[in-house]
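Undergrad: Here is how the chains run, residue by residue.
Number of protein chains: 2
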Amino acid sequence: MRAVALAKRPKGALTADCFTLVEAPAAAPQEGEVRIRGRYLSLDPYMRGAIDEHPLHGAPLPIGAVMPGRVVGEVTDSAHPDFKPGDLVRGDVGWRAAATVKGGALVKIPAGDLPLSWHTGVFGGPGLTAWIGYAVVGDPKPGETVVVSSAAGGVGMVAGQLGRARGCHVIGIAGGAAKCALAQSRFGFDEVIDYKAAPDLAAAVKAAAPRGVDFYFDNVGERTLDAVLANLNVRGRVALCGHIAAYNSLGSPDVGKRHYRDANSFRWRLQGFSVRDNADLWPRATAELMALAQAGKLVQHETVVDGLAGAGQGLADLIAGRVTGKAVVKLA
Amino acid sequence: MRAVALAKRPKGALTADCFTLVEAPAAAPQEGEVRIRGRYLSLDPYMRGAIDEHPLHGAPLPIGAVMPGRVVGEVTDSAHPDFKPGDLVRGDVGWRAAATVKGGALVKIPAGDLPLSWHTGVFGGPGLTAWIGYAVVGDPKPGETVVVSSAAGGVGMVAGQLGRARGCHVIGIAGGAAKCALAQSRFGFDEVIDYKAAPDLAAAVKAAAPRGVDFYFDNVGERTLDAVLANLNVRGRVALCGHIAAYNSLGSPDVGKRHYRDANSFRWRLQGFSVRDNADLWPRATAELMALAQAGKLVQHETVVDGLAGAGQGLADLIAGRVTGKAVVKLA
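As given, the protein sequences belong to chains A and B, one line each in that order. The opening position of the first sequence corresponds to residue 1 in the working numbering, with each subsequent residue numbered one higher. The opening position of the second sequence corresponds to residue 1001 in the working numbering, with each subsequent residue numbered one higher.
Isolated chain A (complex conformation) (with noise of 0.2 Å):
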């Protein structure tokens, strides 16, 4: 009956120690409650913010708090007449072992021969993200060409695949030969670019994609953003998911400015969105995502952490960029 407790704030780059095994024993269910116990625990970029002190993320979490994250688990014991033991679900529980919850914080994952951990990435939180800047914003034809950065990434992953599905041409961005070759032969990007190794990532992005890009689903922000910008077409779309190379105060401060100019003579549109904003749109996100699995069109890569014990440095190489695929912990 473990769980991982926050054991100090961290100051710049999140280090292992900044999290701390915990007893958190999991009573018997009262009316209503539900015991599961954890198999898979997702980890994600928002975590980061979640602990820190940045403004937009509100009150921070206090330091000896659970931290947050969603778990795959079995139900054990039951006191809701939705569930009973042996049903699989999935839930915003935290990092813990096991838990007793109400019912309605759960939701039932459908039986099926696709691997559990799968709920925690292209049929969890990344896959809808993904799937939500696709039908929201970019919306790309067959024919255009989209690029995703982070290619190799939870989000990045899954969007490239949505490209690849649409019948997009779809370049990603990602860093390191490693990255690279695994998006290209995983996750079915016609050509992938390591901004690691481009001196000049406009030239390259330019080079990928002569035509111009169409659909940018942007998960870092900052000089890869401009780099992207400077090759958009007309009409074209950016579905802003994330900003993590700003964590790292890189950038170019002045090109802000042009692009403004560029979104109106051009007629783009810059949009951020979020998952929690679009309910209406999860049960079909869902079952489409879950079809093009079917189909052999979707799929997984993960990196595993086994057991709670591993989840903070887990969380620590995410952050800095050293997991590909989805980062999950191995609870059972």
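Mixed in with the good hints, there may be bad ones.
[Said to hold, decoys possible] From the structure, some residues in chain A lie toward chain B, with a derived Cβ separation under 7 Å:
hint : residue
1    : Gln271
2    : Phe273
3    : Ser274
If you're looking for bench data, these hints aren't it; they were derived computationally from the structure. None of the values given here were measured: they were computed from a predicted structure. Glycine is no exception: its CB is placed at the ideal position from the N, C-alpha and C atoms.
Take the given structure of chain A and dock chain B to it, following the hints.
TA: Frame of chain A; chain B shown alone:
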């Protein structure tokens, strides 16, 4: 049978001596053609771009060529089955007192008791521009807060009245007490900020919009855009319609980068758009704009130049910000 041609290309500020009057006879119409006598010529900011060497606008108008522009006029001779003498029409025929053009280049204006000159403004390009910015980008709901820059200009005038008609709280931004008074008294803005008298524009927007801004109809860009973005709510929208301030190289170069990150976090939508891209919406837009005017909820204020000889000075005044409402040249 006079017209106005480009005499020389402007260097910096536009001046009247860049234009010259020329004779330009309108020949008798051949099969499919129509001869019209102009009644009003519309002066619009895009004309500055058409004669400039800015690379966004492609090849500039050659020296000696007749200036482009939209005219509202009356058919005098017709060799086209759809038109007869006396019909009222509008078309992009240039700065000409009379012209012979293909019938397909003209649109008939329905007879009515509203002033004919309004077809250069609230029922013309500026009206369509404002309507499409609302329909395609902003779509503000009753009670939401809308900000419009260039509030006393040809587009801003309509944008303010559309906001009022939708039951929004509408805040204008304009330069100088006279424009502010006009916007508030004639265009129904709830409040108008004089940016020339506001030492801290972001603070002035905050004071006028204590609940934040939901939709910004941006006609100017640069530091005004920055000040409004500083007050934009979660899920805020920005219609990027014009960037007049950039012509004077004002602005704060480091604001753009920060705002991209905010757009991500706060789920903003920043979108350029054009009337031309949305031709399918023109009939609905025109019908709604005319119905609003018939109901007394949409008026045109105009600054009228008498005769083609003053058209060049009129355009120079428009670009320099010396015009209130729609700039129109009376031809007949």
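Undergrad: Run every hint past the structure and note whether it holds.
TA: Going through the hints against the structure:
With its C-beta approaching chain B no nearer than about 4 Å, glutamine 271 of chain A sits inside the 7 Å limit, and its interface hint holds. Hint on phenylalanine 273 of chain A holds. Least Cβ distance to chain B is approximately 5 Å, under the 7 Å limit. The interface hint given for serine 274 of chain A is met, as the beta carbon of that residue sits about 5 Å from the closest beta carbon of chain B, less than 7 Å.
Checked against the numbered hints given earlier, this structure breaks none of them.
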